[in-house]
Amino acid sequence: MDVDLVYLWVDGNDPEWQAKRKAFIGNIQENTEINCKGRYADNDELRYSLRSVEKYAPWIHRVFIVTDNQIPVWLNTSNPKVKVINHEEIMPEICSPCFNSTLIEQFLYKIPGLSEHFLYANDDMFLNKPITFNTFFAADGYPIIRLYRKPFRKLCWLWREQIRKKPLNNYRLEIKNADKLVEKKYGVYYNGLPHHNIDAYLRSDCQRVVEEIFKTEMKAMRTCHMRSKENIQRVIFSYVALAENHGHLRYVSKRSSQHLAIHREKDYERLRRYNPLFFCMNDSQYAKDCDRERAKNFLVSYYPNKSEFEK
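Residue numbers for the sequence shown follow this note's numbering, so the first one is 6 and each next one is one higher.
Bear in mind the hints are in silico, worked out from the structure with no lab data behind them.
Watch out, some of these pointers could steer you wrong.
The list that follows gives simulated cross-link-like pairs (lysine to any residue, SDA-like), each with its CA atoms no further than 20 Å apart [claimed, not checked]:
| # | residue 1 | residue 2 |
| --- | --- | --- |
| 1 | 189 | 229 |
| 2 | 27 | 72 |
| 3 | 60 | 303 |
Hey, can you work out the whole structure from these sequences and the hints?
Put into structure tokens, the structure is as follows:
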């Protein structure tokens, strides 16, 4: 079966894109989880993520890069294996302009020509070892769903909010919105959290979640041009798949999936120590330009060979 790979990508360094964002939100200077340089900065991660794909998953059928009318200057657009998809090709006009990846993820299933079995990644997610179709899909064709094991998450978050009076951050609130909907609909609660790396989906299942199962709730997000606490995290696709027996749950370990914060130097040593199957190099409101430079230097040395996706 063909398996496609979808990326979201933005060049936050592009003056035209910066002007568009400024015109929409104003001249706001803040360094928060929702609105910080690290959310949009382009450190050339996509180039090296694609190098990891060519090295460890050459069997991928096609690569789709979803962008806001941008194209990486190094991308070989003549390669029939890669196609750039602009927001307006898959999203209704009411969503524009969109600076909210959580909203964009809702429409990935609408990519023209996307295979039924597909993988989704942010541009800062990488393969570290050879993988096969069966790394992501079981013999019955259903996706293998990877989550972090969090057995007491519901109680921990309740204690944090109700006892310590500390609000959850935006990312956790988006996940909470997803698990509340699934629990109400299916009567099951999944404590596992997203492992923040490449995930597998069935296109038809994603379509059903958006257009049928949670049509009203998903439609309400369409005017959320920036991330907000009302958003529904994409883990809802995985939770629904599990609830409907359309997926196989696998809890990740340190040797299967690593989430690195680029501002923490010790995380690089952790990557070398555990040598996982997947890893992510996450930029954030805590990172500085020197951290971004260190991350890029690391990627240059880690994936030195140019891929077929580059000019």
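Tested hints:
For the given pair, residue 189 sits about 23 Å from residue 229 by alpha-carbon distance, which is inconsistent with the 20 Å threshold. The straight-line distance between the Cα atoms of residue 27 and residue 72 is roughly 18 Å, inside the 20 Å bound, and the hint therefore holds. Under the criterion of a C-alpha separation no larger than 20 Å, the hint pairing residue 60 with residue 303 is consistent with the structure, at around 17 Å.
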